[in-house]
Amino acid sequence: MLLAIDWDIIFTQIFSQAFGTQAMVFALAAIGLNIHYGYTGLLNFGQVGFMAAGAYGVGMSVLWLDIGFWAGLLVGILYCLGLALILGIPTLRLRADYLAITTIAASETIRLFVRWRGNRERTGAAEGINDFADPFFELRDDLGILQRSGSVPYEFLGVFEYRADDLWVMLVGWSVVGLCLLLTWQLMRSPWGRVLKAIREDEDAARALGKNAYAYKLQALALGGVVGGLAGMLQAIDKQSVQPDTYNPVITFMIWTVLIIGGAARVWSPVVGAMIFWGLISGLEALMRELIDSSLDDVLAQFLNLDVQNVSQVRFMVFGLVLMLLMRYRPQGIFGSREEMALDDR
Amino acid sequence: MRPWAIGLDLRTGVGRPAQAAVPAPFAGASETGVAGASTLVGVTIDRYGAPIRERTRYGESARLRGLAKLAAALASLAIVLLGTAVTASAQDGEQAIIGQLRVEDDSGERVPVEGVTIVVDGQGEAVTDADGQWSVPVEAAGTYTVTLDAATLPDGVVLRDADRSSLEVLVEAGQDKRALFGLVSGTAEEAAAAAADDGSGISGRRVAQLSVEGLKQGLYLAMAAIGLSLIFGTTGLVNFAHAELVTWGQLSTFLFNYYGLAGFIGFLAPLPGPFGDGVNLVFAAVFGMLSGALLGYALDRGLFRGMRRNGISLIAQMVITIGLSILLRYLFLYNFGGNPRFFRDYSAQTALSIGPVEITPKDLIAMIISVVVLLLVGALLQLTRIGKAMRAVADNRDLAESSGIDVQRVISVVWIAGGALAALGGVFFGLDQIKWDFGFRILLLIFASVTLGGLGTAYGALVGAVVVGLVINLSTLFIDAELKNMVALLVLVLILLFRPQGILGRPERIG
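Line by line, the protein sequences are chains A and E.
Counting along the first sequence from 1, when you hit position 8 you're at 7 in numbering that gives the first Met the number 0, and nothing is skipped either side.
Counting along the second sequence from 1, when you hit position 67 you're at 66 in numbering that gives the first Met the number 0, and nothing is skipped either side.
In case anyone wonders, no lab produced these hints; they're calculated from the structure.
Check each hint, because a few of them may be wrong.
Listed next, the stretches of chain E that the computed footprint assigns to chain A, with coverage defined by at least 3 CB atoms under 8 Å from CB atoms of chain A [said to hold, decoys possible]:
(1) 322-328
(2) 372-380
(3) 401-410
(4) 457-471
(5) 490-496
Partial chain A-side listing against chain E, Cβ under 8 Å, derived [what the hints assert, rightly or not]:
(6) Phe10
(7) Phe14
(8) Leu42
(9) Ala104
(10) Arg110
(11) Trp115
(12) Glu120
(13) Leu145
(14) Gln312
(15) Met316
(16) Pro330
(17) Ile333
(18) Phe334
(19) Gly335
Just so it is clear, CB atoms sit at the ideal spot from N, CA and C, and this is done for glycine as well.
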């Protein structure tokens, strides 16, 4: 073969990542965003802020409030509800782009605030909070499952390869994803969900029918925010750390891309979107790394300036481009209907 | 919308049969927003209220043409950026903690301090060279303690703050981090006395200094913000990629400053300046503005004009600007590297003392230029034909179009002017430091400015930017400087609660 590319590595990357913890976290965050954007038409550009709220709720409970990990999960949810109120009350009466601007600004502000050195005792400032999730992994030990050490990964079907810790997080995480899917599915076919869709389609008409659109939008913002917060908690548990710079606004738009790949306002689309997104992105990066390792490295370095250092930047470029092209040519994604998502500004 | 506009609310078309022609002159307040879908009489709308005339008029070939144009625009952008990579080759893989030790001598000149030992815990040490430069490579991202060995300082030079001989420095992967040690001439006692005098309380001197800083930041912000506001005014689009136009101005000016035109067009390198060699910052800034204008124009023609014609919703366009922003930002990082950089000229200047405030000459000149430029923009908007056309389009696009104004041309001009102004703002901000994600860092401030002033109004952006600049800088009188950008969010939320149309906005529908 001309190029010595190890396709095994690439396929293992694609499949492992498509079902891995990252895909799980993004699927969950996108389920929350789906409630915001897909069903209610809210332009939440700060979903990462809700993830941060959830994660810091847990982390700060351990580090600062000292009430333990399990109570911290509740605190995380409370933080998300609080954030939804702070964001929603001033902006939900206004046109969509104001919510967009405020949410992106708020998510960035949360990041700046938690990394402020004055918060060192509460949030750990720039270093964040580490090793707070031991009770979560002790639970696994109590159950006596997935006991292999980290250096011996579990492998199955030839293309999946996970560490025991990841597998445990995935087991719990994908179950949460399943529950949230069920919840969204049931809620969106309930009268409550139909009001949300009515608000998305025509807020004035919904108001004319006597529905308090503002209250419904606030409820949707809070619900989707809590789901996003759960995603943040699971991500923090998986990494065993909460760090301010994880919660970069770019993450929000990865979640958007995930949602739009699948198609907004469809129950399953966040999961499918997350799998496709992470599968492709990881596969692309693995392929580029293989190419850099191959005999092509000189060519790549010389003409494209591509090397091991900047290969991960390419994936951001690709993802930005994918977001643009999707929104331009297929805003309904895989499953969505174009008419349903032909939202105009409101 | 004005009541005399021929308007109809397309959104109430939900549930109506498709193809309904709705003749509704004087139907009153249309709620479709500034750029609202076309409000011409007789527009056909589909079941969901989206006008479908565009879809039928422009067939598959137009779509392909649009695709080709998009591809061409992106390809040309990529070529330009990759071209810059050849000459700039700005990739540095490893990370290090770097710095330069200098001290002001009696004549007020900053001279390098040589032979001082600086230790990075667990990583090694360095001794400053003849330029006062030092650099200690570190293995990985993380927080390191950097200590200046005060015993190695030459006689008559001491730390400004004796307690700050050790610094905690957070290094990010692949990026050099600057560690700053403040040095002063004199003895330790004098330095301690000066530090106590400086204080952080509220003094008239400090208020004056912060006001000047705030005004400076506000003026630069205004230039970055006006384009965003005008683009919103004329098209209804909130352009999240506007911050990248600011960065683009910085980076292209940097390249012109160092490499001349060859920075962009590689084969010019062997020629003499301004082609092959770097040009003075003043000329480089002019080139930078031109390239900002060019990028603004390219984005409008290559991307947004086609989308407007095809009736892509504003929300979809807004998400597209986000994709664009991410694409551009990481292209910048890819080609430019993550390290902060500085212009070749005027990078180290001594501050002038004017009354109670200190300001470097370059910032003073930049502020004066900003004022002049902003006045020119005002005059342009107020007095010239194109300026009037811009205001007309921003006021009521359909009426402007029916009065014979070439709306697409006006929008192009707005993008060109917005791009050039953003680039100049970027250059002025870049007098301190140039970085691949600079624009994104001030995006929050830009949004706060335009919202405060009134989204869509040029003068509002100006007023809003100056207010935001002053407020966040003066806020450091009371709170930690690290938190000052958070004040911008507070301003944003308060204005949305109490006067959502902004200071200069008209109280029309925004809810």
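So, as I understand it, the hint says Ala104 of chain A touches chain E; can you test that by seeing if any CB pair is closer than 8 Å? holds, 5 Å
At a threshold of 8 Å, is the proposed contact between Phe10 of chain A and chain E supported by beta-carbon distances? violated, 26 Å
Does the interface hint hold: is Glu120 of chain A within less than 8 Å of chain E, judged Cβ to Cβ? Where the cut-off is 8 Å and the nearest Cβ of chain E is about 15 Å from Glu120 of chain A, the hint is violated.
Restraint check, 8 Å cut-off on beta carbons, for Trp115 of chain A near chain E: Where the cut-off is 8 Å and the nearest Cβ of chain E is about 5 Å from Trp115 of chain A, the hint holds.
Hint check, Gln312 of chain A versus chain E [nearest Cβ-Cβ separation less than 8 Å]: holds, 5 Å
Verify the coverage statement for the stretch 401-410 of chain E against chain A, using a C-beta to C-beta distance below 8 Å and requiring 3 or more qualifying residues. violated (count 0)
Status of the hint placing Gly335 of chain A at chain E (closest C-beta pair under 8 Å): For Gly335 of chain A, the interface hint is violated, since the closest Cβ of chain E sits about 12 Å away, which is over 8 Å.
So is the stretch 372-380 of chain E in contact with chain A by the C-beta rule, three or more residues under 8 Å, or is the coverage claim wrong? violated (count 0)
Would the hint on Met316 of chain A stand, with a C-beta cut-off of 8 Å toward chain E? holds, 5 Å
Interface hint outcome for Leu42 of chain A [beta carbon to chain E under 8 Å]: Hint holds; Leu42 of chain A Cβ to chain E Cβ min 7 Å, cut 8 Å.
Hinted contact Arg110 of chain A with chain E - closest CB pair below 8 Å: violated, 10 Å
Apply the coverage criterion to the stretch 490-496 of chain E and chain A: a residue qualifies when its Cβ sits closer than 8 Å to a Cβ of the chain, and three qualifying residues are needed. As far as the stretch 490-496 of chain E goes, the hint holds, because 4 residues have Cβ atoms under 8 Å from chain A.
Hints 2, 3, 4, 6, 7, 10, 12, 13, 17, 18, 19 from the earlier list are contradicted by this structure; the remaining hints agree with it.
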